[in-house]
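Keeping their order, the protein sequence lines are chains A and B. Mind the numbering: the first sequence is residues 1 to 71 in my numbering, read in order. Mind the numbering: the second sequence is residues 1 to 754 in my numbering, read in order.
Think of the hints as simulated: they come from the structure by calculation, not from any bench. Only a predicted model underlies this, so the values are computations on that prediction, with no experimental measurement involved. Even glycine gets a Cβ: it sits at the ideal position worked out from N, Cα and C. One should not assume that every hint holds.
Unchecked claim - If you only want the chain A side, here are some residues facing chain B, beta carbon under 7 Å, derived:
(1) Trp14
(2) Glu29
(3) Glu31
(4) Val50
(5) Glu65
As the list claims (entries may be wrong) - These stretches of chain A come out as covered by chain B in the derived footprint (C-beta under 8 Å, 3 or more residues):
(6) 16 to 27
(7) 54 to 63
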Amino acid sequence: MSVIKVPEADAAGWKCRACDAELEMLPVELEYLDSLFTVALPTCPQCGQVLIPENLALGKMNQVEHLLEDK
Amino acid sequence: MEQHELRQWENKCIQEEVPQCTASCPLHVDAKTFCSLMRQRRWDKAWAVLARTLPLPGVLARLCDAPCKRNCVRKDAGGSIEIGLLERFCAENAKPVAPPRPLPARGKSVAVIGGGLTGLCAAWELARRGFRTTLYCGVPGSDLSALPETQLPAGALERELENLARLGAALETGVPLDTALIEAQLAENDAVFLDSDALSEAMADFGEPDELTLGTGQPGLFASPRGESAPVLKAAAARRAANSVERFTQGVSMVTGRELEGPYATRLYTNLGNVEPAPPVVNAAGYTETDARDEAKRCLQCECMECVKNCEYLRHYKAYPKVYVRQAYNNESIVMGTRQANTMINSCMLCGLCEVICPEDFSMADVCLQARRTMVEKGTMPPSAHEFALRDMAFANGEKAALARHAPGADASEYLFFPGCQLTASDPGGVMAAYADLRQRLGAVGLLLHCCGAPAEWSGRQALAGETMAEIRGHWERMGKPHLVVSCPTCLKALRQGLPEAEISSHWSLLRALGLPDGARQQDTELAINDPCAARHDAVLLEDARALLEQMQVRITEPELSGERTECCGYGGLLSEANPELAKAVRERRAQAADEDFVTYCVMCRDMLAKAGKRALHFYDLLYPAGEDSAARPAPGYSARRENRARLRETLLAELWREESETETAPHESVRVEFTEQARDIMEERRILTSDVQKVLHAARETGACFVHKETGHVLASHRPVVVTYWVEYEERGDGFLVHNAWSHRMRVKGGAS
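Next comes chain B alone, as it looks inside the complex:
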């Protein structure tokens, strides 16, 4: 990832955008933090938040007419937060704080002429920035004197004038404000600011101030716009003038980069979907502590987090995409040191839900897939992350499981059935029934048992994915480019991309058109539909799947996340390989998305849901029912999946094509082995296959190298077929073995027996 790409990605994620209240406040008060502290009744801390941003906070907090309320997101769910009332409560009840510490002296002097609220604020802002500031006025705060005691209590202004003095501003009162004073101060100071409303007559000679800079025709002379009545806008004009004085005295551009002064637009999106409407707390007598807390509690604490709320993976790493993409970038940039984001990058399901949900279309899948490809290119992809899945893919495409044939007795294929390697692994009986049904109704239907290359694609191995697709293309071309009928939504997506010129239909769309097969279950039941993530953007497939269920008289319940917004079962992107713990959390979350039994048209979704203990059916369980309670069928383990593929191929060859399987049996395959229940569970968890154990036992038998336990009599042997060393603890039983335990490691003993 290049740095400019990182910036583009970071800019897409709006989680760190400023909340609407802060963006629309002319002074950018952090109202979100303020409310958060107010809801905790931490009045003093809340006051410190206001005092950090507001000039003369004891005055301004009482006068603010809260223009932020117009943009408060809460306004559509009961009414905007009464931020003005909260500020007033805080001003009355919090412990006063000292004025902010001014910046170091700049050696520049500024005169402020006119002591209305604008002039006072300007003096505050300038003194705070380290200018030697003198305020010339008649009576300070003259425009505040008419305010009732209820709005500005006695002493409030005086306290802030004391603070102004503590900030270092000098106050010259009772001074006649005229052109002569302005000219004299211009000559003596580096800049002069005029509070226009306090001396409108004298202003006439200098012209209207510029809207952006508040500069006048006279260099170094700045002035507020006349007639501003809102206190917060007076303060904002003072701040703008102070910014201009700062630029003027530094000799930098007066105009560039000032977009974020005053109110501005923010892209932050906050969803009101699950927000209960609640009206503002009203109390004509002024807020009590409870009122203030309750009103502050209505603050939504605006943030986006839309993707994070809906994705267990994004939630797991405790941040949001803007942070993650930076971690992925840093991970890629590391030359020496630890790549801390490898597992994070390999844990994305690549399912695309975040992109659908995000108001700005941020795709974590694109970020992670690209990062994986780079890791593969640079040789930094951890071998353990995807190796098991890639070996499984190699098995599915190897001589024991792959098959390409025209229909029995046919020498051409009009259609070619492509069930996908996981369906053959999980439900070989269903695949046989489906193939028989297709041949019966369509005639010349060939069969292609092969993996579509998804594991290679997901693991970032583009070359391997390309080779896999080239193999499929070879079979398809040799068979006369028949119309492909594809069951698995992931295969469907991969084949449409890899063979764009082929005619491809989903098995489900075809069955919708053909009608239900004989024997399909038709009974009034209610099931929750689980759309696989690969179908997310396939509107036709989503609709055909529903139509097919309706033909079977299934009443369909849609989980909250469904259709285009469906969530992954935890298999996608090889999450379950790279991060089994997180995969477990993901599938358990999905299992809880509906009370009803699930029905789905992706067998991995079915098996993942089953692994989470959720009753789940695959479409084949309804279309080609095998009799038993299919929703309770456990997900076959890794060894069984391989055996199912191999046996399916053998059975099909024997029964349909009357051929003996031509594959040779390896010596270890004849090792007779049984497992304790515990050993079976352990092997599944540790991804150790029956064939791996058979290899160890065969090697031990051949070499005699093993250990024996003095008490239990158990034998312990190891073998390293390729890159993993397997250890098996077993009992010898006649000419067979009973396995008690197995473990593995990738580290190699140099020159050792293991």
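This is chain A alone, in the form it adopts within the complex:
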């Protein structure tokens, strides 16, 4: 399974509060309107909590959402 790398996925400074763990770029499945992508995103290696940074949500992710909506 190919993993899309998202350069905007910058989560410097954040760590998982519950696990007190540093985030790692791990493959995560994203789903929208019957489409599925695997993207490397900052994730807590212990509990699996994924962080979607503002730039990613409003940038690339938003573009892909629109692309899928207009498909």
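Fit chain B to the supplied structure of chain A, relying on the hints for placement.
Leaving out everything else, chain B in the frame of chain A:
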């Protein structure tokens, strides 16, 4: 949309119709492009435009008597363009061009007999079409020899005769033109054309040519009508004959589909409204370069674009309805691929201005609304386009905001006040004052707080719009079918359509009849009236609104687009949901339509104008003044609008009906939260509600799932209540929170915490 419907729509838009000059030119010279190039002093390019259409251009351009001038739109604004003088200037000053390249040889031969201008033009047209052409004449251009040098300079004819030869036509001069020659050529060629004026005696045996085909009694023999004096009409006869020869030799119909040969009528409309009259440039000595440029500049470059000039939406997509309807059709037809017109279709305000303005009544609203309905039916409507508005509508009709009651202490209602969900969201105080006034003066006035279903209608969800109207009908019937009093012009329109049997009055018409309420502002002021687009076709409402303002001693300024031609504030059709950037441009354009403060009877218009930074009043600000500078009141944000509705309901229940609100408080509602100013602005722009943030904070508190920033100590948490994931960055402050930032996305992390 079916293909025949597309054709009907396309036919309605006249922007691509031919300009009057071209349609009325017997040869259909593209005078508009010609003038456009002449005004840029691009003489050679302009000449190429003439040479593309005119046979023997060096001769004809100098002789043309410009019959197009009779139909030039400029004639009513100073005088028709002097196209003949411009053509002559161009012929004198442009670099000559080679004759057009003939079509591939057809293997057919045609004889042209008679070398007047008509015969020469016919030979040109036939040779150009790929016929093996021979011209038999005495002296070529014999009818031009008497022309003065000033009109046809020496050498002009000779140059075009050379070009005729380059086109491939053979020239047999000094030939006696008689019946024997005609008969001999008929036997040898596929067709023969006679220049009647060059051999009128010999023609007698073959009869007058048919007006449409120029055919004679002899098959394959064509002839020009006798006695034509205008050079351009001679050339037109030659072209008509060439067309007939082409049909004859191909064995196809000689008569069908020939309506556009010669001058014809065009539907193109060009508005002279903002055109400054300007007289033609006159120079008896002939045009100088400056004269030619200035005269060409007077050309109006005719086009319609009436709707586009008056609608920011239609302007935004850089084309016109004929193009848009094709895009909407293609968008609907796509099975695999990207629907590129979704946003365009969802950006129309559905306000109906284009239909009023269009000479042919083209309604972009009908096209777009139908397209939206189809998108909903087929499941291709983008979820993000209208979901927020539909959730807001659901809130307005939900238990926290909707209300249906007889007047306090009454068990029946003669009247039922329907202020509309946006008025309650924007000006709950005004609604309370209006309701008190109505009860005081009319007695048994019930209250119905509900949305009319406009967001569902605009988003193409007919079923949901129908359900909403059915709910309203249920309330109205249970309350004894009282006379409805409606403030919002959109609600008024929707209710009249949805409840046709109900008696319905606008609040404004009622107040006009009742007189002003106590405390209404009455002072001599000047305000610009902003008619909402929903009132466009309601002549009574338009008049009542003005009469009411006059009762309040308001001097009314009408913006250029007003009354039936009013323009939308950018809220209509849910434009601000589907395309916020364009909505901003639309409301800013409307805000600039008048220097004075605006006054309007639609609260969304007021709020949209306020958002554009324009001072604007709603009628309630004048009728039930609350004291402050109402025109400067900012538009409440999305969260405040919901809170206003909910609080209005609670306040009314408590104060008028002495009831406690029976709605339950959800756990997240008790989360204490504050916002930085920046966070508030961001949330408004991103349509994130206070309640959405409260849900995130509540979830984070419950689950403990969140991130913490090592330097700032800020916490970041997310939650997905339904279809949107919200992220909130905040500080913990005792038992409350200070929010710094928030964002959202629709994509879901599969199996993840968010």
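Would the hint on A:Glu31 be counted as holding, given a Cβ-Cβ threshold of 7 Å to chain B? holds (5 Å)
Claimed coverage, the region 16 to 27 of chain A by chain B - three or more beta carbons nearer than 8 Å: Our answer is that it holds, as 4 residues pass the Cβ test (under 8 Å) against chain B, meeting three.
Does the region 54 to 63 of chain A contain three or more residues whose Cβ lies closer than 8 Å to a Cβ of chain B? holds (count 5)
Hold the hint about A:Trp14 up to the distance rule: shortest CB distance to chain B must be less than 7 Å. Holds. Min distance 4 Å.
With a cut-off of 7 Å on the beta carbons, see whether A:Val50 makes it to chain B. It holds, given that the least Cβ distance between A:Val50 and chain B is near 5 Å, below 7 Å.
Let's test the interface hint: is any C-beta of chain B closer than 7 Å to that of A:Glu65? holds (5 Å)
Is the interface hint satisfied for A:Glu29? The criterion is a beta-carbon contact with chain B at less than 7 Å. holds (4 Å)
Of the numbered hints given earlier, the model fails none.
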